[in-house]
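Chain order of the listed sequences is D and Y. So the first sequence is numbered by numbering that gives the first Met the number 0: it starts at 0 and just counts up by one. So the second sequence is numbered by numbering that gives the first Met the number 0: it starts at 0 and just counts up by one.
Since the hints were made in silico from the structure, they are not lab data. All values reported here derive from a predicted model rather than from experimental measurement. Some clues are possibly wrong.
Intra- or inter-copy, both count: the list cannot distinguish identical chains.
[What the hints assert, rightly or not] Computed cross-link-like contacts, SDA-like style, restricted to lysine to any residue with a CA-CA straight-line distance of at most 25 angstroms:
no.	residue 1	residue 2
1	K304	Y170
2	K127	I332
3	K121	E149
4	K226	N64
5	K329	I203
6	K76	M325
7	K127	G324
8	K293	L274
9	K21	E149
10	K139	R150
11	K127	T330
12	K76	G116
13	K329	P177
14	K38	D131
15	K38	F216
16	K76	G155
17	K21	Q43
18	K121	G321
19	K293	Y42
20	K264	E60
Protein chains: 2
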Amino acid sequence: MQHTLSMKLTSGLGEMGEMDEKIRLSHGDGGVETQRLIKNVFYQHFNDPLSKSMPDSFVFEARQNQLAYTTDSFVVKPIFFRGGDIGKLAICGTINDLATAGATPLFLSASFIIEEGFSIEKLHLIVKSMSDICRQTGAKIATGDTKVVERGSADGLFINTSGIGIVSEYYKPSQVEPGDEIIVTGGIGEHGASILLDRYDLGIETDLESDCAPMCFLINGLGENLKHVKLMKDPTRGGIATALNEIAAEQKLDLELDERTIPVKSEVQAIGDMLGIDPLYLACEGRMLIVVEKGCGEKVLHHIKALDCCREARIIGQFTSGHHGMIYMKTLIGGRRIIPILEGQMLPRIC
Amino acid sequence: MQHTLSMKLTSGLGEMGEMDEKIRLSHGDGGVETQRLIKNVFYQHFNDPLSKSMPDSFVFEARQNQLAYTTDSFVVKPIFFRGGDIGKLAICGTINDLATAGATPLFLSASFIIEEGFSIEKLHLIVKSMSDICRQTGAKIATGDTKVVERGSADGLFINTSGIGIVSEYYKPSQVEPGDEIIVTGGIGEHGASILLDRYDLGIETDLESDCAPMCFLINGLGENLKHVKLMKDPTRGGIATALNEIAAEQKLDLELDERTIPVKSEVQAIGDMLGIDPLYLACEGRMLIVVEKGCGEKVLHHIKALDCCREARIIGQFTSGHHGMIYMKTLIGGRRIIPILEGQMLPRIC
């Protein structure tokens, strides 16, 4: 794999003629060198017919469907991290935002802001990560853009992705009620902990990786079971604590978590302890919070645990009759504590 | 208008409580302060029901239509320039990319990458510019994102917009043929010249402004006349010379321009002369190149000149029988010169 890629890189650079291995301002001016960069880097990896003749706008036939539409910009630091890179994150992030609406991806856009001097070899690796996820999921890059800014005017590379997805006919989100159950699809905080490990020298040896992954497989896997799902949210910035607080506030309902059931890897807990950050507040990039109608939690859980992306899924709590939008957690030692939304204490550039 | 805005600003800042007037890293962490920023800046201006409860994905019912989809990131420097700012440019740029596909905007996304320390008052002005264009055009911001990076990791503010538009039933783009005519909808290079004036101290006093404007009015205005249009392109980075070279290369046809007919304001010419840049290569952000079937140029021209956005429209040339994808120009003094695509000589951060 590495070998094939490095051969491709060499041949790509060769074709570029005068293009050296660093991004120059002229790669972003819309002229000959921009076209070469697009041809030799982007088209080399986004190699399906859609993207070979990328016009200013991509036109497609809409059917009588519900479509979901989303956007996210990615500024993660570092750009390469254990378990992924900014490219994989950008595609997964947008696919996961579509998944929260019960949608699987149809078309994506990819827009790059690149700092002068950025390595073209690294850009190849990042674009290849993006195309790998597209291939796995069937998402297609339909439109894109490239801008270059002077050295010192950006931090390497920022990527924006937007996406259009088709909403499953089975998904009809509805009002949450007391007794509705909350599932998380896997171990929490692994993305946030991985970024911290790679950003700061914590002296921890571990094979922990970011959970960064596309959650459209969950939507396909849920199938008809989506009719038991009342809402979904991907717990990215601020982790499950922030995402659940947002849900509780919107729904004006309290909820209670059971600490014993929340899946946290020991390495994530250790990193959290070391830095004084509760794993509940650490970002996930390949997990989903699923609110399931009362009494259907076990059924849905059993069904999704057969999916690769949900093997560690658990029911972690349920909504209660309080109307304050508060989150309580039964702790391991039998206590009960409030899980607040944090103010100004979270981590920058986690995604 | 200014007064209303400044009152709104004061009240906005007041509501923000502890929020001071500069962007902090915590405004981008996805927690309480991000929510406050969204509520007090974005929702204050994007004030239609769509954006009041911006979920991770926006869901809409598609009809049996052709939809156009596009994206662009904006890194223009300076952020405020004569005739506009990065916000107006971002909305117009995406609307204009949709227009090239014969589409009028339905939904837009808006994603912000903000440098720590950026003025919240300036952000208000920029978001207001965006919402002004949305109001004028009927475009709706359906989804958005905000990221903040540390001081020195970006240059103030970058904006990405993507857009979904409905393609006019009258627009069926087709193969260009010799004799087909080329219309430009107004004076060229005014955006590029304005940016240069504001970026460098050229010591020129002029009321020249960027032509930055939304071209969806052209699509509506063309109406049934769109059936005579074979293709459209907005001449942004690299100006009409670059856009026409791309068309000529794609269509494998030569074309001939008539310098006498190309609308260039004297100030644009003067700025170009001073800096050694041909106005043909200076960006427009509110103009369209329209290729019209042979013999229909005058009819279409007459029709669009009634539109505010096209009063200075002209037929500037036509395709010829050569198949080299070359552009020739009959010059003012009766000569004939090639207009090449430039390599590595264009201006960075014009949009």
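So, going through the hints one by one against the coordinates:
no.: 1; hint: K304 - Y170; verdict: within (19 angstroms within a copy, 49 angstroms between copies)
no.: 2; hint: K127 - I332; verdict: neither (47 angstroms within a copy, 52 angstroms between copies)
no.: 3; hint: K121 - E149; verdict: both (18 angstroms within a copy, 22 angstroms between copies)
no.: 4; hint: K226 - N64; verdict: within (17 angstroms within a copy, 28 angstroms between copies)
no.: 5; hint: K329 - I203; verdict: neither (30 angstroms within a copy, 70 angstroms between copies)
no.: 6; hint: K76 - M325; verdict: neither (32 angstroms within a copy, 45 angstroms between copies)
no.: 7; hint: K127 - G324; verdict: neither (43 angstroms within a copy, 32 angstroms between copies)
no.: 8; hint: K293 - L274; verdict: neither (37 angstroms within a copy, 70 angstroms between copies)
no.: 9; hint: K21 - E149; verdict: both (12 angstroms within a copy, 24 angstroms between copies)
no.: 10; hint: K139 - R150; verdict: neither (31 angstroms within a copy, 35 angstroms between copies)
no.: 11; hint: K127 - T330; verdict: neither (43 angstroms within a copy, 47 angstroms between copies)
no.: 12; hint: K76 - G116; verdict: both (17 angstroms within a copy, 19 angstroms between copies)
no.: 13; hint: K329 - P177; verdict: within (17 angstroms within a copy, 77 angstroms between copies)
no.: 14; hint: K38 - D131; verdict: within (18 angstroms within a copy, 37 angstroms between copies)
no.: 15; hint: K38 - F216; verdict: neither (31 angstroms within a copy, 33 angstroms between copies)
no.: 16; hint: K76 - G155; verdict: both (10 angstroms within a copy, 18 angstroms between copies)
no.: 17; hint: K21 - Q43; verdict: within (17 angstroms within a copy, 42 angstroms between copies)
no.: 18; hint: K121 - G321; verdict: neither (51 angstroms within a copy, 41 angstroms between copies)
no.: 19; hint: K293 - Y42; verdict: neither (48 angstroms within a copy, 34 angstroms between copies)
no.: 20; hint: K264 - E60; verdict: neither (45 angstroms within a copy, 41 angstroms between copies)
Of the numbered hints given earlier, the model fails hints 2, 5, 6, 7, 8, 10, 11, 15, 18, 19, 20; all others are met.
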